[in-house]
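2 protein chains.
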Amino acid sequence: MKIDFQKSGGLVPAIIQDERSGDVLMLGFMNVDSLQETQRSGEVVFFSRSRKQLWKKGESSGHVLRVREIRVDCDADALLVRVEAVGPGVCHKGYWSCFFRAVEPGGGAKVIAERTFSPEAVYGSEKRQ
Amino acid sequence: MKIDFQKSGGLVPAIIQDERSGDVLMLGFMNVDSLQETQRSGEVVFFSRSRKQLWKKGESSGHVLRVREIRVDCDADALLVRVEAVGPGVCHKGYWSCFFRAVEPGGGAKVIAERTFSPEAVYGSEKRQ
Chain A
56 MKIDFQKSGG LVPAIIQDER SGDVLMLGFM NVDSLQETQR SGEVVFFSRS RKQLWKKGES
116 SGHVLRVREI RVDCDADALL VRVEAVGPGV CHKGYWSCFF RAVEPGGGAK VIAERTFSPE
176 AVYGSEKRQ
Chain B
56 MKIDFQKSGG LVPAIIQDER SGDVLMLGFM NVDSLQETQR SGEVVFFSRS RKQLWKKGES
116 SGHVLRVREI RVDCDADALL VRVEAVGPGV CHKGYWSCFF RAVEPGGGAK VIAERTFSPE
176 AVYGSEKRQ
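Residue numbers (this note's numbering), protein chains in the order written: chain A, 56 to 184; chain B, 56 to 184.
This is chain A alone, in the form it adopts within the complex (with noise of 0.2 Å):
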């Protein structure tokens, strides 16, 4: 089994669920290497299209997402990660899941769920997640 890199110029999304609750967590993206990597380390690691470059999640916030299975979808162009989160979270901003906000008919968008810790007492000054 193949999975397609090409479609998306050498990239595929994977879907981040947290394995016990069913919540989508974040999506990100791999290339071969971080797949390769993620299963190796048995902890999620994520290609920064920003930065170029591998990316492990939680590499300075400790928020790791460790592997429970790797599913991939009929055409073999997406993943979908199911994972244990460590951690009160898993996004940058302070939230359990970086889906925190509801898209509002008129175009807004509504916070719908609650802060689970600081961004600023866990990242300082560092943004990545």
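Some clues are possibly wrong.
[As the list claims (entries may be wrong)] In silico SDA-like pairs for lysine to any residue, Cα to Cα no more than 25 Å straight-line:
no. : chain 1 : residue 1 : chain 2 : residue 2
1   : A       : K111      : B       : E159
2   : A       : K148      : A       : E98
3   : A       : K165      : B       : R75
4   : B       : K148      : B       : Q108
5   : A       : K57       : B       : K165
It should be emphasised that the hints constitute simulated quantities derived from the structure, not laboratory data.
With chain A held as given, fit chain B onto it using these hints.
Then chain B, alone, in the frame of chain A:
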């Protein structure tokens, strides 16, 4: 709140999650028009990267995705669409979820779900989902 469509060339990944079970059903892409049409109609409309046109999920199968909530992530470059999935499954291979295979350490993939419908009966020779 502006969705950032530029990071992926006019598209954002849209994760489809069954509202009731929490199951992740599929991942598609949306451009500005497909998001607007999704919001207007209340049913999910993707942008097909292969056919380069809007693609209403369920247009041939009847397996439409009724929108319950649209969430956006911290960077506003990914969507989580929580839906009621009409019908026995979303996958054109005959499964409830497109993520019906687990990636194995050696590089293989193992089917981890049962078929919920016959794709031939639903789609015939038509391969659109």
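Violations among the numbered hints:
none
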